[in-house]
Amino acid sequence: MEDFSFEEVFKLNDFFEKNGQLFEDTLLTEAVEVKDKINEILTVGNIDLVNNAHRLVVYIIEGREKELEDFATYEGIAWATQSINLSFKLEWVQAIRRTMWDFIQQYQKLSNKMSVENLFELEHEINSRVDAFFNAFFVSYSTYKDALIKEQKELVEDLSVPIIPINSFISILPLIGSIDAERVIILEEKVLTEVGNNHIETLIIDLSGIADMKSDEISGLIKMLDGISMMGCTSVITGLRKEIARKITELGISFDKNTKTIGTLQQALYNYI
Numbered sequence: 259m260e261d262f263s264f265e266e267v268f269k270l271n272d273f274f275e276k277n278g279q280l281f282e283d284t285l286l287t288e289a290v291e292v293k294d295k296i297n298e299i300l301t302v303g304n305i306d307l308v309n310n311a312h313r314l315v316v317y318i319i320e321g322r323e324k325e326l327e328d329f330a331t332y333e334g335i336a337w338a339t340q341s342i343n344l345s346f347k348l349e350w351v352q353a354i355r356r357t358m359w360d361f362i363q364q365y366q367k368l369s370n371k372m373s374v375e376n377l378f379e380l381e382h383e384i385n386s387r388v389d390a391f392f393n394a395f396f397v398s399y400s401t402y403k404d405a406l407i408k409e410q411k412e413l414v415e416d417l418s419v420p421i422i423p424i425n426s427f428i429s430i431l432p433l434i435g436s437i438d439a440e441r442v443i444i445l446e447e448k449v450l451t452e453v454g455n456n457h458i459e460t461l462i463i464d465l466s467g468i469a470d471m472k473s474d475e476i477s478g479l480i481k482m483l484d485g486i487s488m489m490g491c492t493s494v495i496t497g498l499r500k501e502i503a504r505k506i507t508e509l510g511i512s513f514d515k516n517t518k519t520i521g522t523l524q525q526a527l528y529n530y531i
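The sequence shown begins at 259 in my numbering and counts up one residue at a time.
It should be emphasised that the hints constitute simulated quantities derived from the structure, not laboratory data.
One or more of the hints may lead you astray.
Said to hold, decoys possible - Below, simulated DSS-like cross-link-like pairs (lysine-lysine); rule was C-alpha separation at most 25 Å, straight line:
| hint | residue 1 | residue 2 |
| --- | --- | --- |
| 1 | K448 | K472 |
| 2 | K505 | K481 |
| 3 | K515 | K505 |
| 4 | K518 | K448 |
| 5 | K269 | K324 |
| 6 | K367 | K269 |
| 7 | K276 | K293 |
| 8 | K515 | K448 |
| 9 | K408 | K448 |
| 10 | K448 | K403 |
| 11 | K500 | K515 |
| 12 | K324 | K403 |
| 13 | K515 | K481 |
| 14 | K295 | K269 |
| 15 | K403 | K295 |
Computed from a predicted model, the values in this text were never measured in an experiment.
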């Protein structure tokens with residue numbers, strides 16, 4: 259913002275931080291339908307709406323566009339993964355927008371330092387950033403959701419393996435359904451091909467959709483992970499269920515040292531994005 263100085267941005271951000279609890283209370287009164295779903299969304303999807311709202315406000319006020327886009331991408335994938343109703347997200351972000359403007363008005367009354375020109379400029383910038391967040395979120399949500407739907411369809415047809423690029427270096431491989439010997443072969447062939455062709459540096463393999471695997475299939479998966487490692491790609495396993503973990507332990511098999519394990523896909527996305 260040309261006329262809205264760094265000092266004023268800092269003071270506005272400080273005003274939001276000092277009134278954080280009041281911001282939360284106001285936000286919850288604005289988000290009528292969502293407020294009763296906050297704990298459920300946290301439990302089911304590991305998505306902390308309230309803390310994420312504070313984070314979003316900081317990115318918007320400070321104009322941190324790259325962080326805003328990355329956050330929207332992460333949120334889109336998280337919501338698509340858990341199939342949470344999109345109407346909740348729409349209401350929540352719109353409630354954040356309204357609450358922000360309520361607080362900006364309070365800030366203006368207390369400070370009386372922003373000119374009319376600055377207020378108009380601030381309105382344009384903040385609303386543009388909220389809209390940009392929405393756009394990036396829905397693109398990310400739709401892309402990931404479509405990929406999951408496509409995977410479910412192709413699993414029945416030809417056991418296809420969806421590798422979803424997140425950026426130039428990171429991709430996700432969400433596995434659902436059953437893993438048999440034939441699918442392990444297809445997995446290894448396609449994964450190694452995609453890692454080589456697309457120069458994937460980190461492949462996040464989400465196993466939350468796999469209830470169980472036989473010993474031979476587990477050995478095949480370990481073999482694939484070894485191949486990934488030899489090609490210079492780091493593999494990250496998420497959503498490993500206790501039944502599979504127990505079998506891996508009983509077989510005396512260990513993951514390659516370059517293979518990392520993280521509890522959930524959301525945690526992996528947060529760490530790597």
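Does K367 pair with K269 here, judged by a C-alpha cut-off of 25 Å? Since the Cα atoms of K367 and K269 sit roughly 14 Å apart, the hinted pair holds (cutoff 25 Å).
Is the straight-line distance between the alpha-carbon of K448 and that of K472 25 Å or less? Cα-Cα ~21 Å, so holds.
Checking one constraint from the list: CA of K518 to CA of K448, max 25 Å. Satisfied? holds, 21 Å
Are the Cα positions of K515 and K481 separated by 25 Å at most? With a Cα-Cα distance of about 13 Å, the restraint between K515 and K481 holds, given a limit of 25 Å.
Keeping to a limit of 25 Å between CA atoms, is the pair of K500 and K515 held or broken? holds, 20 Å
For K276 and K293, compute the direct alpha-carbon distance and say whether it is at most 25 Å. Holds, because 22 Å separates the two Cα atoms, which is no more than 25 Å.
Quickly compare the C-alpha distance for K515 and K505 to 25 Å and report which way the hint goes. Holds, at about 19 Å.
Can you confirm whether the C-alpha distance between K295 and K269 stays at or below 25 Å? With Cα atoms ~33 Å apart, K295 and K269 exceed 25 Å; violated.
Given pair status - K403, K324, alpha carbons within 25 Å: holds, 23 Å
Hinted pair, alpha-carbon criterion (25 Å max): K408, K448. Please report holds or violated. With a Cα-Cα distance of about 16 Å, the restraint between K408 and K448 holds, given a limit of 25 Å.
Are the Cα atoms of K269 and K324 separated by 25 Å or less? With a Cα-Cα distance of about 22 Å, the restraint between K269 and K324 holds, given a limit of 25 Å.
Does K448 lie within 25 Å of K515 when you go C-alpha to C-alpha? Distance of about 22 Å is within 25 Å: holds.
In this structure, the one hint that does not hold is number 14.
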